[in-house]
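Student: Please work from the sequences and hints to get the whole structure.
There are 2 protein chains.
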Amino acid sequence: MAKENKEKKVEQITDMEVDFTQWFTDVCTKADLVDYSGVKGLFILRPYGYAIWESIQSYLDGRFKELGHENVSMPMLIPESLLQKEKDHVEGFAPECAWVTVGGSEPLPERLCIRPTSETLFCDHWSHVVHSWRDLPMKYNQWCSVLRWEKTTRPFLRGREFLWQEGHTIHATEEEAREETLQMLDVYADCCEKLLAMPVIKGDKTNKEKFAGAENTYTIECMMHDRKALQSGTSHYFGDGFTRAFNIGFADKTNKISYPFQTSWGMSTRIIGGLIMTHGDNNGLVLPPRMAPIQVIVLPIAAHKPGVTEKAEEIVNRLKAAGIRAKGDFTDNSPGWKFANWEMKGVPLRIEIGPKDMENNQCVAVRRDNREKTFLSLDELEARIPQLLEDVQQGLFDKAKKNLDEHCYPAFSLEEAKTLQEEHGGFIKTMWCGDLECEMKMKEEACMTSRCIPFAQEQLSDVCPICGKPAKCMIYWGVAY
Amino acid sequence: MAKENKEKKVEQITDMEVDFTQWFTDVCTKADLVDYSGVKGLFILRPYGYAIWESIQSYLDGRFKELGHENVSMPMLIPESLLQKEKDHVEGFAPECAWVTVGGSEPLPERLCIRPTSETLFCDHWSHVVHSWRDLPMKYNQWCSVLRWEKTTRPFLRGREFLWQEGHTIHATEEEAREETLQMLDVYADCCEKLLAMPVIKGDKTNKEKFAGAENTYTIECMMHDRKALQSGTSHYFGDGFTRAFNIGFADKTNKISYPFQTSWGMSTRIIGGLIMTHGDNNGLVLPPRMAPIQVIVLPIAAHKPGVTEKAEEIVNRLKAAGIRAKGDFTDNSPGWKFANWEMKGVPLRIEIGPKDMENNQCVAVRRDNREKTFLSLDELEARIPQLLEDVQQGLFDKAKKNLDEHCYPAFSLEEAKTLQEEHGGFIKTMWCGDLECEMKMKEEACMTSRCIPFAQEQLSDVCPICGKPAKCMIYWGVAY
Chain D
1 MAKENKEKKV EQITDMEVDF TQWFTDVCTK ADLVDYSGVK GLFILRPYGY AIWESIQSYL
61 DGRFKELGHE NVSMPMLIPE SLLQKEKDHV EGFAPECAWV TVGGSEPLPE RLCIRPTSET
121 LFCDHWSHVV HSWRDLPMKY NQWCSVLRWE KTTRPFLRGR EFLWQEGHTI HATEEEAREE
181 TLQMLDVYAD CCEKLLAMPV IKGDKTNKEK FAGAENTYTI ECMMHDRKAL QSGTSHYFGD
241 GFTRAFNIGF ADKTNKISYP FQTSWGMSTR IIGGLIMTHG DNNGLVLPPR MAPIQVIVLP
301 IAAHKPGVTE KAEEIVNRLK AAGIRAKGDF TDNSPGWKFA NWEMKGVPLR IEIGPKDMEN
361 NQCVAVRRDN REKTFLSLDE LEARIPQLLE DVQQGLFDKA KKNLDEHCYP AFSLEEAKTL
421 QEEHGGFIKT MWCGDLECEM KMKEEACMTS RCIPFAQEQL SDVCPICGKP AKCMIYWGVA
481 Y
Chain B
1 MAKENKEKKV EQITDMEVDF TQWFTDVCTK ADLVDYSGVK GLFILRPYGY AIWESIQSYL
61 DGRFKELGHE NVSMPMLIPE SLLQKEKDHV EGFAPECAWV TVGGSEPLPE RLCIRPTSET
121 LFCDHWSHVV HSWRDLPMKY NQWCSVLRWE KTTRPFLRGR EFLWQEGHTI HATEEEAREE
181 TLQMLDVYAD CCEKLLAMPV IKGDKTNKEK FAGAENTYTI ECMMHDRKAL QSGTSHYFGD
241 GFTRAFNIGF ADKTNKISYP FQTSWGMSTR IIGGLIMTHG DNNGLVLPPR MAPIQVIVLP
301 IAAHKPGVTE KAEEIVNRLK AAGIRAKGDF TDNSPGWKFA NWEMKGVPLR IEIGPKDMEN
361 NQCVAVRRDN REKTFLSLDE LEARIPQLLE DVQQGLFDKA KKNLDEHCYP AFSLEEAKTL
421 QEEHGGFIKT MWCGDLECEM KMKEEACMTS RCIPFAQEQL SDVCPICGKP AKCMIYWGVA
481 Y
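Chains as they are written, first to last, in this note's numbering: chain D, 1 to 481; chain B, 1 to 481.
A portion of the hints provided could be inaccurate.
Note that identical chains are pooled: a pair holds if it fits in a single copy or bridges any two copies.
Taking lysine to any residue pairs in the SDA-like style, the calculated list, with each CA pair at most 20 Å apart, reads [as the list claims (entries may be wrong)]:
#1 K40 with H128
#2 K320 with G68
#3 K85 with Y36
#4 K373 with D135
#5 K40 with R111
#6 K443 with L108
#7 K151 with E110
#8 K151 with S105
#9 K418 with D15
#10 K151 with L108
Simulated from the structure, these hints should not be mistaken for laboratory data. Just so it is clear, the structure is predicted and the values come from calculations on it, not from any experiment.
Tutor: Structure representation (structure tokens):
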């Protein structure tokens, strides 16, 4: 019964050219990444989906700690009065909070919201423990889930609950805090480019798009296979707005009371949605080897023939001993079913070993990304397979980079921007005067939001193509998830 | 200012003989483990407290995965109707749920409770994905926090929110599920005894004390320094009660519909409370070396003298290179302050190095548990320090085991049990007829709850000392946290 179900499911994936949204949902469910729960927008991460998150976690957590950050755990509930302490922040988040009003059998004297983000909690804590310049910086991170009561929801891309990490730091000087903000953006960019093979554009969010309460929000923007944008990680500089509102005064070296400068930065399971939409194809998920929970799947062919299963097991064990995340599929499913299943799950490399291969002291390695077959001598597995995995990693990055580079179009009028977006999708780059009005006009007339003011600026012209006034910077526009 | 504060805080710890409860709270706050949040019973785990949890997590997560369990993530919210599907379960948990009634600005059509535990969520998910015997077993775990709206709360010991792991598994046969239940109890016992140096008594909970909805609850019980009991980890066998209620039918090998047998098991940050109350002393926390976030603190003495700081740094680096979690304290606090601070934090070994030591090519190692001083030649650090750390580990276990062994008293009447408890505390062991009535009587008259029916049974007599009827088993009684 399950077998039958599974065979069906491999066949049932929708082509991305037919319906990209349905393709995405199919991959999420049929690669066993998620299941739907009884509450809209709250998704179950199944073992394979969670293993992908653990792989990202492990990379980020290591980087955070190397850079001197410490993990902590904050409460999941925020009293309404605490959320209200910073004006811009509460305006941004209150409309999408979920509220606890009853504890045990008693109505609560004050509503508590499930954290949508934890700036207020960190600041409240810091107001208890920060006294002197000696206590700074405090560089904290937490791994948790947060809730935002969104109207439309999709697995990974928009959940009412999602897993993330949120870094929160305070520093004695503005300079140090600004440095931290940019450093953490770089960590996210590294995570995307080096681990996930997802090229990014780094930049500054406009005032309209920045985080509620922040002075600056920096972002990494990725381009998906359908040429839409995915904001993949953000890092915020807060100045001392919150620390004054929460009265986190500290005695500086001259014994004068100062207020620390603050940052926060987050990356969430949303990035898994990005990973799927960057590398996936019509056979399912495609995972970059550096982060794949299973890097090599070993399949015995004609497994009933003498010695085949044993040889396949031997290969798995040799690869594991060489530090490769290898797994053998010794179930009684057919080879065809196994091919489809492990392709669906995006395992970067498939090794096939059958009686004929054994005679020739070889096996077949098939790349998931381009289906290229290589015959490998069994004597050189430990040497060749890591190289093949790195080739897949590089191949995925190059392909995604090509997609990004080929779909960034300069435009010199609103009309041109609109037409380019409609005809090609992708990112449209224009000059910009910096006014909200022009940003709104682009949204209303060309259905694009500003993605970022990239760090890598180009001087396309001198004027804003929307209003004709002098331009202040180049900006990217796009249709975003 | 901070310096002054901290010096005060080291002095302000209450002696455990004077007020054990206050001593515990002092250690929690003054060793920088926790802070109080704005919501009663929701505690902040500060970096040092969270690092202790990470150390326990890392041990358990490794063991779970070795045994074939996979991590997943379930939603934090449970619809009221889902919680109600298993009768005993909802009766046990509904009275202490926190309820979300508003999402965004809208009242919700159905109340959602923040998970107090996730059996219902796992079962709901399994009802979607389990079809055949090929899908079994499913051996899942999740790391998360849960909420239980308790009246009285204390850091670690009783929080309305606490961090834990909850394992949930389903199996094709009762035998396999029962094996899993006991296996996971053994993992918890190993965690306590081998990692945390906390000796345990393993046993079965009585019907009265078992988990809501379980057929059997197995427990490990530890004895604290004040001779009270701490239930430190539990593993539950559910039979097929939930799987039938949630209709998780599967086609067995004969294609007949069967219902799987279920287990769940959990360990929480409560164990950190146990760790504090098992090993701590009047100078603060004492951590077992195998789990201590910092195993060795290196202090330069007369750090302004030439070469001292460099030598201390060299020692730190050598220890780190040898795989020891070492840290140097190069702040400008006084040596006395540093001694007190790192003792408060329970670092198992302190290394002091000053100009005179350097002349003699040695350093001083001071054990946290018994303050024993050893002079170590600088040539043999890598050889001697791991041994010293193991000595501390063993010393802590032996001391705790002695406390446990010396405070288990057999009793042959209710009166004797009561007197023994009042005079000595500890665990009172008696025979028991198995009736709830006698269990209630022990509670009402001797203020003790049943801790467990130990696996290691003794035949103290033939009759229940409470009612005089024939005894079925030996049972431990105690006053519990």
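Student: Does each hint hold? Answer for all of them.
Tutor: Against the structure, the hints come out as follows:
1. In this assembly of identical chains, the alpha carbons of K40 and H128 lie at most 20 Å apart only when taken from different copies (16 Å versus 38 Å within one copy).
2. In this homomeric assembly, K320 and G68 come within 20 Å of each other (Cα to Cα) only across copies, at 16 Å, whereas the closest approach inside a single copy is 32 Å.
3. In this homomeric assembly, K85 and Y36 come within 20 Å of each other (Cα to Cα) only across copies, at 18 Å, whereas the closest approach inside a single copy is 35 Å.
4. With identical chains, the CA atoms of K373 and D135 are never at most 20 Å apart, being 58 Å at best within one copy and 32 Å at best between copies.
5. Proximity of K40 to R111 under the C-alpha cut-off of 20 Å is restricted to the inter-copy arrangement: shortest distance 13 Å between copies versus 22 Å within a copy.
6. For the homomeric pair K443 and L108, neither the shortest alpha-carbon distance inside one copy (42 Å) nor that between copies (32 Å) is at most 20 Å.
7. For the identical chains of this complex, K151 and E110 are inter-copy neighbours only, at 17 Å across copies versus 25 Å inside a copy, given an alpha-carbon limit of 20 Å.
8. For a Cα distance limit of 20 Å, the shortest separation of K151 from S105 across copies, 11 Å, qualifies, whereas the shortest one inside one copy, 29 Å, does not.
9. Taking identical chains as interchangeable, the C-alpha atoms of K418 and D15 are never at most 20 Å apart, the minima being 27 Å within one chain and 74 Å between chains.
10. Taking CA atoms no more than 20 Å apart as the test, K151 paired with L108 passes between copies only; the shortest distance there is 13 Å, against 26 Å inside one copy.
Against the hints set out earlier in the document, violations occur for numbers 4, 6 and 9.
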